[in-house]
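All chains, full assembly: derive it from the sequences and hints.
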Amino acid sequence: MEEKGHRYQIGPDLTIHRIANGMWQVAGGHGYIDHELAFDDMMKYHEAGFTTWDLADIYGPAEDFIGLFRRRLSEIKGKEELDRIQALTKWVPQPGRITYSIVKENIQKSLNRMCVDSLDLLQFHWWDYNNPSYMDALKYLSDLREEGLIKHIGLTNFDTERMQLMMDSGLQIVSNQIQYSIIDRRPEVKMMSFCQEHNIRLLAYGSLCGGLMSERYLRRTQEPAVAELDTLSLRKYKKMIDIWGGWSLFQELLSTLNEIAQKHNVSIANIATRYILEKPAVAGSIIGVRLGISDHRINNAQVFNFSLGKSDYDVIDTICAKSNNLFDIVGDCGDEYR
1 MEEKGHRYQI GPDLTIHRIA NGMWQVAGGH GYIDHELAFD DMMKYHEAGF
51 TTWDLADIYG PAEDFIGLFR RRLSEIKGKE ELDRIQALTK WVPQPGRITY
101 SIVKENIQKS LNRMCVDSLD LLQFHWWDYN NPSYMDALKY LSDLREEGLI
151 KHIGLTNFDT ERMQLMMDSG LQIVSNQIQY SIIDRRPEVK MMSFCQEHNI
201 RLLAYGSLCG GLMSERYLRR TQEPAVAELD TLSLRKYKKM IDIWGGWSLF
251 QELLSTLNEI AQKHNVSIAN IATRYILEKP AVAGSIIGVR LGISDHRINN
301 AQVFNFSLGK SDYDVIDTIC AKSNNLFDIV GDCGDEYR
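Going by UniProt numbering, the sequence shown runs without a break in its numbering and finishes at 338.
Mixed in with the good hints there might be a few duds.
[Claimed, not checked] Straight-line Cα separation of at most 25 Å, BS3-like style, residue types lysine-lysine; simulated pairs: (1) Lys77 x Lys44; (2) Lys79 x Lys151; (3) Lys104 x Lys190; (4) Lys104 x Lys151; (5) Lys263 x Lys239; (6) Lys236 x Lys279; (7) Lys109 x Lys139; (8) Lys79 x Lys44; (9) Lys190 x Lys263; (10) Lys236 x Lys190; (11) Lys279 x Lys190; (12) Lys322 x Lys239; (13) Lys238 x Lys279; (14) Lys322 x Lys310; (15) Lys104 x Lys238; (16) Lys236 x Lys151.
Hint data in this document are derived by calculation from the structure and do not stem from the laboratory. Predicted, not measured: the structure shown is a model, and the values here were computed from it.
Laid out in structure tokens, this is it:
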């Protein structure tokens, strides 16, 4: 597995952009999406080199968007251009019985929606650890990989204990997608060292706290009103900030990040993203895209124009040392969903 600038190789035939375009936002709760404007924006991201998309079967029309984008891109630039796209989807089954037929049927649905013969990376999520059938599901996914329907298998929001069981069973896992940000550093407790030991890469989401980690909320002594938190992302990560240490401490962190950003001539979001990308085992950060609504291509590209120094880490870590221990309160990675 190799890191090279703004791209990262997580498998022999899978190299991703280190900033993946997150498509959770198309599932709803983030504003109306015009499909034509969405396609135009997807093309702009692609042409700017942001060719990696993170999606899921449960993200509304996300997989359909990828299928439409692939068809149109092929028409405009030729089929060879499709080789530049990496579409990392997820399978999130409802709790219940798991069979090979059920697994294959759902994977085939994703293949059909995305207009591909094989999934670049299938990221698997499981809601209830009390139901051990997730191990059966992973075995069936491994069978589908051998059949060529899946190129690589990853995880979403699994904890270290369950991943150890997978390694003990001989399962081949290349990645785990988890929440990881300056305020949520739970992966550093157990997950990171485990992944380094087993050559598993982390895909981080929530690194910008849904947009709260930005100049827009700098020097806001009053907490934003509920009505102002007008997306699911903002509401979700505001709750995490409350658990972490509250709005006042978050303002102290934003002020510190702003000083570092001014020193490097970049944005607060760039600092927050770079902080995560420089961590061991991290292959990429997933930054949500609001297709047809806002565009962050130019700002995102600045992440690769600088590096953080020891003094930058020291001042950030000094602020974070004042916060609550999220691992003790919430648990390991993904425990907030169970």
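>> Tell me if the straight-line CA distance from Lys190 to Lys263 falls inside 25 Å.
In response: violated (33 Å)
>> Would the hint linking Lys104 and Lys238 be met if the CA-CA limit is 25 Å?
In response: Distance of about 38 Å is beyond 25 Å: violated.
> Can the restraint linking Lys236 and Lys151 be considered satisfied, given a maximum Cα separation of 25 Å?
Replying inline: Distance of about 32 Å is beyond 25 Å: violated.
> Do the alpha carbons of Lys322 and Lys310 lie within 25 Å of each other, as the hint requires?
Replying inline: holds (19 Å)
>> What's the verdict on Lys236 and Lys279, does the C-alpha distance respect the 25 Å limit or exceed it?
In response: holds (24 Å)
> CA of Lys79 to CA of Lys44, is that 25 Å or under?
Replying inline: Answer holds: Lys79 to Lys44 is near 18 Å, not above 25 Å.
> Does the structure keep Lys77 and Lys44 at a Cα separation of 25 Å or less?
Replying inline: holds (14 Å)
> Taken at face value, is the distance from the CA of Lys190 to the CA of Lys236 at most 25 Å?
Replying inline: Cα-Cα ~24 Å, so holds.
> Does Lys190 lie within 25 Å of Lys279 when you go C-alpha to C-alpha?
Replying inline: Answer holds: Lys279 to Lys190 is near 14 Å, not above 25 Å.
> Going straight from one Cα to the other, do Lys104 and Lys151 come out at no more than 25 Å?
Replying inline: Holds, at about 14 Å.
>> Against the 25 Å threshold, does the CA-CA distance of Lys322 and Lys239 hold or violate the hint?
In response: Status holds; Cα separation ~18 Å.
> Are the Cα atoms of Lys79 and Lys151 separated by 25 Å or less?
Replying inline: holds (20 Å)
Checked against the numbered hints listed earlier, the structure breaks hints 3, 5, 9, 15 and 16; every other hint is satisfied.
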